[in-house]
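Visitor: Note that the protein sequences, when read in sequence, are chains P and R.
The opening position of the first sequence corresponds to residue 0 in numbering that gives the first Met the number 0, with each subsequent residue numbered one higher.
The opening position of the second sequence corresponds to residue 0 in numbering that gives the first Met the number 0, with each subsequent residue numbered one higher.
Certain hints may be false.
[What the hints assert, rightly or not] Short derived list, chain R residues pointing at chain P, Cβ under 7 Å:
hint	residue
1	L7
2	S129
3	V178
4	N179
By construction, these hints were calculated from the structure, which means they are not laboratory data.
Yeah, the Cβ is synthetic: ideal placement off N, Cα and C, and Gly gets one too.
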Amino acid sequence: MADDVVYNAKALIADLEALKPGMKNAMVKEMRKAAIPATSAIQAAIPKTNPFESKIRPILNTRGRLGWNVKTKADAVQTKLRTTASKRTAVTSLVRIIVASPATALADVAGKGSGEVRNPTTKTYAYKGGTRTHRTTTQGRWMIRHLKSRNASNFVYPAVEKSLPMVKQEIKLILERYAAKVNRKLN
Amino acid sequence: MGVIINVLSKFDDSGIKKAQKGFGGLKKVLGGIGIGLALKQVGDVLLDAAKAASADAKSVKLLNMQLTKNAGANKQSLKENDKFIESLSLQTGILDDDLRPSMAKFGNVTKNVKQAQKLLTLSLDVTAGSGKSQTKVANALAKAYAGNTKSLIGMFPELKNSKNALADLTKEFSGAALVNADPFMRFNNSMDILKEKLGKLVLPLITDFVDNISKPGGLVEQVGAFFEAVGNPKTDVGKAFGKLKETVVVIGKDIAALFALMDTKGNDSMTGFANTLSGVSDILATITDSITVLAGSMAALGKGDFSRVIDLMAADIGVGAEAVRRNISVADTVNAINAETVKKGKGTIFVNSSEGTNNVIFGKPTGQLGSGVFANGKGFAQQQTNNNVTINVQGADPKAVVDALGKYYKTNGSLPTYLFPGIKKTP
C-alpha cells in the first residue's frame, strides 16, 4: 500500500496552534489513540523473553546498548508526529510508529542475510610480538538459527500488516478533520 | 536505532509555498483589474448549499425517526450516529444520503444502533471487496442477521459451510472499503459535506426570510394588496397607474417616430430600429477588431517581428484580428478561414496578395444566406434574385483568385455547375 503524503502539514499545525493553543496536542493524542491497534499488535508480537538467549550458551548481554531490556524496554512502542522536514529526502515521515529498543530492532532484522560467514579467516593482526590469524566463529549463525526456530525474527511488520491500512486511514482522517477546522476558521 | 513504521508522510512543500505566494500576487492583480468571483455566483453557490443542506436535513430527520422508532435510539445516540455516518462517508467516498437508507434497514433488523453501525460498515467492506451492489449486499446482510442466510450464501457460495457467516465475512473483507475508497469520490463527497455545512449556516437565514415574508401582514400579503389596489381604478394607486399607462403609450409613439426617422425610405419604425442596431453592432465589431489588430501589432513590434506587423496592418481588419486571436500568421488565418467557408458553402473567401487580403464572395445562392457584403454594398439577401452567383473581386490580383479557386478544386473537386450557368462543360 502506497504511503499517503500530505502537503503543507507544518503550516497547518502552526495554524492549529494559532487557532487554539493545545489543539496540536489534542490532535496528536487522537492520532496515538487511533494507532493503538497497530502499537498493541507490535507489543504483542515482541518476545516477552530475550530471544538472544541461546540454549547452547545461555549468557545474557545485560550491559551493552544492544542488550535486551537494557536502557530501553524491549516492547516500547511510540507513535510520534514529526513536522520538521528531512534534510535528505523530499518526503518525511509525518506520523510514525517507532519501536525504540535497539535490541528489538536487531532481533527484528536478524536472519535476513545468507547466514554464511563473510571471511572464514580473519586478517593478519599483531599478536605477542608476532602476527597471527584466527578462524571466525560460527556462534552467530547458531544464535540466528535459534531466533528463527522460535519464529522471532521479522515480527514488527507482520504484526501491523493487517491493522496498518486502517490506522493510516484513521490518522489521515484526523489530520483532515483538524485541517477542516483551520480552513473553516480561515475562510 | 529502532524500527520505524511510516504511517503518514509529509512533502517538503517549500517550493510549492513560493509558487503559492506568486499566485497570491497574481490573484491580487486579477482582483485589481476586476476579475473575480461575481456576486451572483456567490449567491448561486449559497443557494445551492442551502438546497443541499435542506435535502440533507430531511434525510437525517427520516433516519432519526426510524432509528428512534425501531432501534430505541435516544438523542445522544442519534447525534453519535449522525457523526458516524458523516465520518464513514468521508472515509469511503460514499454519499451520506446513500448510507442512511441502509442504516435505517439495519436499525430495523438489529434494533440496536451500534450493531446497525457495525453491519453498515461490514456491508461497505463487502461491497468494496467483492464489487457487488451495495443495496443487494445490505439486503442480504440484514436477512442473514435475522437468520436467513440464503441470499448471502447465494452471493458468496464459500459461506455454505460457515458456522458464522457474518463473522467470516468480517474476517475476509474487514477494512476493504477504506483501502479501496476512490480518492475522487472522497474529494467530491468532502466537498458535498462542506457544501451542506455551509448550507446549514445559510438555511436558517432563508427560512427566517420566508417566514417573515409569508407571515400575516408580511411582504407577500402587502405586495398582493398593492397589486389588487393597482387593478382597481377607484383607489389612488389605480388612478396613478392609469395615468402611467397613458404616459407609456405616448412615449412609445415618440420612440416609434424616432426610429422611423432612421429608415429613410419607408418610415417603418421596426426596419429603422433594426438598421440602427445592426449598424451599431457592425461598428462595434469593427472597433473591437481594430483594437485587437493594433494590440497584436504592438506586441509584434515589441518582439521585433516587423514582418508580422506589416502583415497585420496590410490585412483585412477582420482577418488581422482573427490572426491575433488565433496567434497564427495572416496567411495561415486566411487559409483557415477559407477552408471553413468552403466547408460551409457560403461566406467570404479571402485572397492574400502582396497588397494585403482581398475578399471574394463565395456561396450557394439557394442555401442559407451568407454573411458577406458585395462591392455594391448590398448583402446576400438583397443581391441575389435567382440561382446566379456573383464573384466580386475588389482590387485583387486575378491570378490570386484563380489560384484560390484552383486550391479549392484540388481539395474539394469542381464547383457545382449550377454556380456557373454561363459555363457549359465540354464533353
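Visitor: It remains to establish, for every hint, whether it holds in the given structure.
Guide: Now the hints, each set against the structure:
1. The interface hint given for L7 of chain R holds, since its Cβ lies 4 Å from the closest Cβ of chain P, which is under the 7 Å cut-off.
2. The restraint placing S129 of chain R at the interface with chain P is violated, with a minimum CB-CB distance near 17 Å, outside the 7 Å limit.
3. Annotation: V178 of chain R was flagged as interfacial toward chain P, and the flag holds, the nearest CB pair being 5 Å apart, inside 7 Å.
4. Hint on N179 of chain R is violated. Least Cβ distance to chain P is approximately 10 Å, over the 7 Å limit.
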